[in-house]
Amino acid sequence: MDDKHDNSPDENNGVISLSNSPESTNDADAKGPHVWLVGGGIASLAAAVFLIEDAKVPGDHIHILEASAKAGGSMATFSKPSWDTGYRVSAIRKMSLTYHCLYGMLEKVPSDVEGETLAAKLHRFNQARRKLGASGTRLVRQVTDDNGTEKPEAVDVSTMGLSVKNQCDLMRVVLETEEELEGLEIQALFEPDFFETNFWDLWSSLNRFHPWCSAVEFRRCLHRMLHEFPNMGTLSGVEQAPEEDFEAIIKPLAQYLKAMDVEFRHGIQVSGLEFEDVGSDFRVSALKTYQDNKHVLIPTGPDDLVLLTLGSLTSGMGYGTNDQLPPTLELRDSAPHELDPSWTFWDRLAMDRPDTFGNPEAFFDRPSKSTWLSFTVTLRDPAFFEHLRNWTGTLTGAVPLITFRDCPWMLSLTIPQQPYVRDQPSDVFVFWGYGLFPDQQGRYVRKPMLECTGAEILTELLHLMAFPLHPTLERSITIPCLMPLIGSPFLTRKKGDRPKVIPEGSKNLGLMGQFVEIEREVTFTMEYSVRSAQLAVYGLMGLDKKPPGVMGEDHSVLTLGMALKTMMT
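For the sequence shown, the UniProt record's numbering begins at 1 and goes up steadily by one.
No lab work stands behind these hints, which were simulated from the structure alone. Just so you know, these numbers come straight off a predicted model, no measurement behind them. Think of the CB as a built atom: it goes at the ideal place given N, C-alpha and C, for glycine as much as any other residue. Please note that the accuracy of each hint is not assured.
[Said to hold, decoys possible] Per label pair, the in silico range of CB-to-CB distance: (1) D145 to E179: 21 to 31 Å; (2) K56 to A154: 47 to 57 Å; (3) R475 to A259: 58 to 68 Å; (4) S158 to R475: 35 to 45 Å.
With the hints as constraints, model all of the structure from the sequences given.
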């Protein structure tokens, strides 16, 4: 029996079915199942790698359906990089050697260096960077000198600043179960002074937590990152890509998959699924798509699989310019799920089958709590860039993260090694940053970050660094980027809001991405997406394999001791 939406197009409404077309993949002589990957983000790319390398599915049996013109999902870049109009860096992602699923997948993919994998290339870059020494100041405060002038000062992060009560509360969160913390915000667990400590400033800026974020997610992050407690002030355990993430990871992944004959279909919007019952279970029998200005039904064969990425972190994302606000400001409080078809798709699926697809409304209906604002600064003058690097004391030429604690926006910067963008001229410099509280007035620019142009954001930063505004403002371009749902994975949730990777009773459907439930794993990482893909592939293909364990499942006495020592300093 088919399960269809009443308002979905059907054959009588002009839907074209591919079941009898030459394009259909379900011919009787086709060997083995075909796999339909809905969404072209890193989850689908990783799933394709695991299908080829571990499940031995032929590449031409794998089909990636993506609405946009590029693979990469939230990691894709759609503007042509240009220093004269300002670069647009979507994010500079932090990685860790404990991301075993991500690095395991990258070990299967060749880099642009003959005989070297993507994982090996990343290791080589980060090992060379670490050999150079410390990566500079992590936390900055504003102080007033004898002349009454404010200037920046590095914060001593050798101490976490936690009171005995704070320490006890923190350990209580580590020891409590997720069931005890379900639905709670972090701020319900601590006294107000906890959020004024070095620990909170370091932890929240690195992991993007707000006081109103999920206590369950906070606990998971504590467990996952407990081994990094001693390194919070130096970030010595952080790994980064040698260039912009799309070029470093997404592009070579896509090139490898195309070389293996994986089919990429762009310009296809999957708008619905058709189901059929298989006893007490179910299977996806067809994909409802919209392509080339017409509705097209793609049937699935009896052994075919469908892997679907839920939601989108960059839904409603909009860029401003050096002298204009981001254009999506007015959309923040109006039907966020309508900003991106992927959310509408998930919402419709969940309305019909909530036990299968969870509750997307838990993530898209609070944009005032999930909105962040990032920005990319392109400098055509080395003076401020060199001042920034020299002031931090970095020995590597890069700074993983520097946070200005006294800026009401909670401004943080990442300074990558240069050049960072492909074809970046040697006399042009680029860095990226974000504000976790963009609705607050700036310390020097007396307006919310949300209402600032790129130049006004850079003005705040120049004041924070006590650096002359001119000529830096005239020789720079700052591009702000508003993201209404970027923080949605951190919002409070209850059990069942995030669906299982393989829903109960599913014969051929797997779910992937940042909004599925993975026991113990921490969201908002590439690792989360890749692990979801690995779980889906191994489970649906019936492989006698399991992904590597999540870091933090069984801490050693040494790790626990070092974490406690850090907390008590």
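To see whether the hints hold, each was checked on the structure:
1. D145 to E179: 21 to 31 Å: 52 Å, violated
2. K56 to A154: 47 to 57 Å: 54 Å, holds
3. R475 to A259: 58 to 68 Å: Violated: the Cβ-Cβ distance is about 42 Å, outside 58 to 68 Å.
4. S158 to R475: 35 to 45 Å: 37 Å, holds
The earlier numbered hints that this structure contradicts are 1, 3.
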